[in-house]
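Residue numbers (our numbering), protein chains in the order written: chain A, 1 to 116; chain B, 1 to 115.
Hints listed in this document are in silico derivations from the structure and should not be mistaken for laboratory results. Note that the structure is predicted; figures quoted are calculated from it, not measured. For each residue, glycine too, the CB sits at the ideal point set by N, CA and C. Be careful, since some hints might not be right.
As the list claims (entries may be wrong) - Non-contacting residues of chain A with respect to chain B, defined by C-beta distances greater than 12 Å in every case (computed):
id, residue
1, GLY16
2, LEU19
3, ASP27
4, SER46
5, LEU49
6, GLY60
7, LEU62
8, SER65
9, GLY71
10, ARG72
11, ALA78
12, ALA79
13, PRO82
To be verified - Which chain A residues face chain B? A few, computed with CB under 8 Å, are given here:
id, residue
14, LEU11
15, SER12
16, LEU104
As the list claims (entries may be wrong) - Label pairs and their computed distance ranges (CB to CB):
id, chain 1, residue 1, chain 2, residue 2, range
17, A, VAL13, B, PRO8, 22 to 30 Å
18, A, ALA10, B, GLY28, 14 to 22 Å
19, B, LEU83, A, GLN2, 42 to 50 Å
20, B, ASN59, A, GLY41, 37 to 45 Å
21, B, VAL103, A, GLY83, 20 to 28 Å
22, A, GLY16, B, SER51, 23 to 31 Å
Spelled out, the chains give:
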Amino acid sequence: KQEVTQIPAALSVPEGENLVLNCSFTDSAIYNLQWFRQDPGKGLTSLLLIQSSQREQTSGRLNASLDKSSGRSTLYIAASQPGDSATYLCAVFLMNYGGSQGNLIFGKGTKLSVKP
Amino acid sequence: KAGVTQTPRYLIKTRGQQVTLSCSPISGHRSVSWYQQTPGQGLQFLFEYFSETQRNKGNFPGRFSGRQFSNSRSEMNVSTLELGDSALYLCASSLDRVSGANVLTFGAGSRLTVL
């Protein structure tokens with residue numbers, strides 16, 4: 001059974017600091033991995049999607065890496081800002097053997113607080 | 001372009017009642033997925049609908065059901081509510097069948113409190 005773990009559960013950093021959020025998964029047979037952001041009381045916003053054949057993706061100050069063999073992904077946030085404060089969720093996409101069904105398996109998230 | 005719309009945003013029910021939640025996907029999106037989010041279990045997949053048919057189902061009891069209409073709007077129903085059903089229910093839509101290539105767009109969720 002695929003399990004996704006995110007460490008730490010919460011993180012507080014001063015503004016301007018570079019930081020790394022970690023995600024690990026138990027089964028390397030993933031189709032892709034996505035990082036989401038969730039603001040309090042709101043839905044999820046997709047940040048980055050890394051296909052299983054890729055090693056990393058970048059969007060602005062965000063960089064996500066994927067190491068399938070070790071079952072790990074990291075989300076790097078450069079020059080953090082108070083507006084980055086949110087919960088960050090990692091999710092892996094699994095397909096069944098026939099490729100007819102799939103769904104996301106989520107970690108429980110890392111709650112990030114960036115202090116001005 | 002309107003996003004994914006979920007109604008109601010907040011609701012309170014008592015044990016034993018039933019509830020129906022609605023999700024309107026992005027115009028043109030044909031797939032709708034539902035997820036339950038609780039502090040203890042995190043986000044868990046409920047089911048996916050495509051072309052009015054349930055295509056995939058998570059590991060939830062039969063009290064949880066759903067349907068999709070011809071305009072792609074979807075509803076989920078929970079019968080005989082239990083305290084543990086208190087959660088944020090999130091709906092996500094995608095253009096086509098949920099696959100690794102399609103990015104899901106999530107709604108803001110419906111927060112259900114069961115007393």
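If you check each hint against the structure, which ones fail? 4, 5, 14, 15, 17, 18, 19, 20 and 22
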